[in-house]
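**Student:** Those sequence lines, one after another, are chains A and B. For the first sequence, this note's numbering assigns the number 26 to the initial residue and increments by one for each residue that follows. For the second sequence, this note's numbering assigns the number 18 to the initial residue and increments by one for each residue that follows.
The set of hints was computed from the structure by calculation and includes no laboratory data. It cannot be assumed that every hint is accurate.
What the hints assert, rightly or not - DSBU-like, lysine-lysine: derived pairs with alpha carbons at most 30 Å apart:
no., chain 1, residue 1, chain 2, residue 2
1, B, Lys221, B, Lys211
2, B, Lys211, A, Lys205
3, B, Lys146, A, Lys205
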Amino acid sequence: MYTDYRVIDEYVNEYQKFEKVTETITRRFKTFGYKRIKTSAFEKYDLYSQVNSSVNKNEMIKVIDYTGDVLVLRPDVTIPITKELAESELTDQQELRYFYVQDVFRQPFDRLETIESTQAGIEYFGNRSAEADAEVIALACQTLHDLGFTDIKIEIGHAGFFQELISQINLNPLDLRELKQMIQAKNLVEIRPFLDRLQVDPSVAQVIEQIPLLYGDPVEVAKRAQELIMNDQLTKQLSHLMEVYEIIKMYGFEDQVNMDLGLINHMDYYSDIIFQGFIGQFGQPVLMGGRYDHLADKFGANIPAIGFACEIDSLVQAIGEQGTDPIKTDVLVIYEKDVMAEAIQLTNHLRARGYSVVASKKRKSTTNQDFRYLVEMNKVGYKVNQQQQTKSFTEIDELIELIEGGW
Amino acid sequence: MAEITLAIATGRTAKRAMVFLEKAGIDFPDYHNNSRKLVIYDTTKKIKLIFAKTADLCTYIEKGAADVGIVGKDTIMEEQPDVYELLDLGFGKCKLVVAGFPNQQLNNGQLITIASKYPAVAESFFAEKGKRVEAIKLNGSVELAPLIGLSDIIVDIVETGTTLKENGLIVLEEIADISARLIVNKASYATKTKHIQEFIDQLKSELE
Chain A
26 MYTDYRVIDE YVNEYQKFEK VTETITRRFK TFGYKRIKTS AFEKYDLYSQ VNSSVNKNEM
86 IKVIDYTGDV LVLRPDVTIP ITKELAESEL TDQQELRYFY VQDVFRQPFD RLETIESTQA
146 GIEYFGNRSA EADAEVIALA CQTLHDLGFT DIKIEIGHAG FFQELISQIN LNPLDLRELK
206 QMIQAKNLVE IRPFLDRLQV DPSVAQVIEQ IPLLYGDPVE VAKRAQELIM NDQLTKQLSH
266 LMEVYEIIKM YGFEDQVNMD LGLINHMDYY SDIIFQGFIG QFGQPVLMGG RYDHLADKFG
326 ANIPAIGFAC EIDSLVQAIG EQGTDPIKTD VLVIYEKDVM AEAIQLTNHL RARGYSVVAS
386 KKRKSTTNQD FRYLVEMNKV GYKVNQQQQT KSFTEIDELI ELIEGGW
Chain B
18 MAEITLAIAT GRTAKRAMVF LEKAGIDFPD YHNNSRKLVI YDTTKKIKLI FAKTADLCTY
78 IEKGAADVGI VGKDTIMEEQ PDVYELLDLG FGKCKLVVAG FPNQQLNNGQ LITIASKYPA
138 VAESFFAEKG KRVEAIKLNG SVELAPLIGL SDIIVDIVET GTTLKENGLI VLEEIADISA
198 RLIVNKASYA TKTKHIQEFI DQLKSELE
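Model the full assembly from the supplied sequences, consistent with the hints where possible.
**Tutor:** Pasting the structure below:
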C-alpha cells in the first residue's frame with residue numbers, strides 16, 4: 026500500500042532550513058578566521074555557581090554521576106571556554122578566534138517543554154581594542170545579511186553606562202529590578218515618578234529619566250548624551266562607542282547600527298560594549314553579545330574577550346516568516362533494469378563532481394519540484410528534463426555540459 | 018505599502034483611541050463609514066490599522082504582527098509583554114483596585130480568594146505583601162463573585178465606582194492608575210526607528 030510520508034516531509038523541510046542556516050553561519054565565521062571548537066556536554070555544577078551569568082541555576086538540567094558529583098548538561102558555551110583558556114598558558118600576544126555550533130540545555134520555569142536549543146556563536150580572545158569590537162559587530166551584521174535578511178539592526182550600548190549611573194544612587198535589589206524593567210520597556214511615563222518616590226538625587230534622576238531616549242542614530246545619540254553626562258567614566262565609555270562606530274562605518278554597516286544607551290545586560294559578566302541584533306517583524310533579538318574582559322578573572326587569569334551568540338531556531342523561524350526556497354536535490358535519475366549499470370555509472374560520475382543525486386528504479390511518490398533535473402534512462406535512450414523542457418543525450422559528458430551551462 | 022501597522026484593542030479603548038488619533042491629525046476614512054473591514058488605512062496610506070481583541074493585543078505587538086499598539090495599562094500589567102511602552106496617551110483613565118465588602122477582615126492568615134480579570138496582577142500584588150492568595154480568573158461580571166461566595170474579594174478596574182456601590186462593595190485598596198498606553202515592538206523600533214518616531218511625535222503634539 027501507499028504510505029503518506031508528507032507529515033514526516035514537513036519535519037525534514039524544517040530541518041533543511043536549520044541546516045542551511047548553520048551552513049551559512051559556519052561559512053561566514055570561517056571567512057573571519059574563526060576555528061570551530063566543541064565543549065563537553067557535561068559540566069560541573071560548581072562551575073556555574075562560581076559565576077554570575079544569565080544562566081539561572083534553577084533552569085539547568087542536573088545529572089548526578091556515580092561518585093555523587095552533580096553535573097549539568099551544558100547550559101552555555103562561553104563560560105567553559107573561558108575557564109579552559111584561563112587554565113592554559115596563554116601569552117599576552119596571543120589572539121584566539123573560536124566559534125561553535127552546539128546544543129545548550131535549559132529548562133525555563135515558564136516553558137518546561139523547550140529544553141534543548143542550538144546556539145551558534147563566536148568568542149574572540151586576547152584583543153581589547155575598538156577594532157576588535159567593530160570587527161565582531163561587522164561579523165554579526167554580515168552573518169545576518171548572509172542569511173538573507175534585509176532589515177537588520179544591531180543595537181549597540183555599554184554595560185558600564187547604566188552601572189555607573191546606579192552606582193551613584195542607593196537602591197535595594199527589588200527597586201533596582203523594577204527600574205531595570207522600566208528602562209528595558211523604555212517606560213518614559215513612570216521612571217521619574219518612581220525615582221522621585223525613592224528620593225533619588227534629582228541631578229542623577231534627570232539623567233536616568235533620559236536613558237530611554239538615548240536611542241537611534243549613533244552620532245545624534247552621542248551628541249545628546251554628551252550634554253547629559255557628568256563624569257569622566259561615562260564620557261570615556263561614550264567616546265569608545267563612537268570609535269567603534271567609526272570603524273563599523275569602514276566596514277560599510279553604518280545603516281545597520283543604532284545606539285541604545287538604555288540597553289541593559291542580562292548577563293552580569295559583560296563589562297564594556299554590548300549589542301543585540303534585530304530583524305524586521307521578529308520581536309525578540311536574534312543575536313546577543315558583548316565584551317566580557319573580567320570573566321577570566323574568576324578563573325585566575327586576565328584575558329580580554331568579546332563574543333556573540335544566536336539561537337538557530339529563532340533564525341529558522343524568522344526565515345520562515347520572510348520565506349526562502351526549499352533546498353533541492355540536483356538530479357533525480359530514473360532508470361529501467363536493463364540500463365542499471367549505465368545509470369549507476371552516471372550517478373557515480375555526477376556525485377564525483379559534487380552534485381547531489383538520487384537514483385531510483387521505479388518512480389516513488391517524490392514530486393518534480395524537489396529536483397532540479399530529472400534524468401530518465403531506458404533501452405531506447407536517455408532524456409533529461411528541466412522545467413518542462415526535455416532534451417535527449419547519449420554520453421555522460423553531454424549531460425554534464427547541459428547541466429553546467431549549455432542548456 | 019504602509020510604513021507602520023497600528024493595532025488597537027477593540028471595545029472601550031477603540032472609540033477613544035480613534036477620537037484621539039483624529040485630533041492628532043491621523044484620520045481613517047473607512048472607520049466612519051461603519052465599514053466592516055478589519056484592515057483600514059489612514060488618508061496618507063502610511064498607517065495600516067487593525068483591530069484586535071484586548072487580550073490578544075499584547076501578543077500581536079510582541080510577536081510583530083503589528084508594530085505599535087494602543088492598549089490599557091491594566092492589560093499590559095497582566096500580560097507583561099516584552100515590548101517598549103513609550104507613551105501615556107492620557108485617555109481611558111481609571112483605577113485598578115482591590116474591592117470587597119465594607120469592614121471585611123483579611124488578615125487572619127487564611128487563604129484569600131480573589132476573583133479577577135487580572136489574576137497575575139492580583140497574585141503578585143498580594144505576594145509582595147506576603148499574603149497567601151488564590152486568584153480565580155473571570156472574564157466578566159467580576160462584582161458578582163463575592164456576592165455568590167465564589168471569592169472573598171475582587172481585583173478590577175473602577176472608573177466611577179457605581180457598579181461597586183450598587184452591589185454593596187467598596188474599594189479596599191488601590192493598586193495602580195490606569196490609562197491607555199502606546200506600546201511598540203522592539204524589532205520594529207530598531208528597524209523602523211524614523212517612521213515610529215514620527216508617529217510618536219505626532220501623538221505627542223496632541224498630548225501637549
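**Student:** Checked against the structure, which of the hints given earlier come out wrong?
**Tutor:** When the structure is compared with the hints, none of them turns out to be violated.
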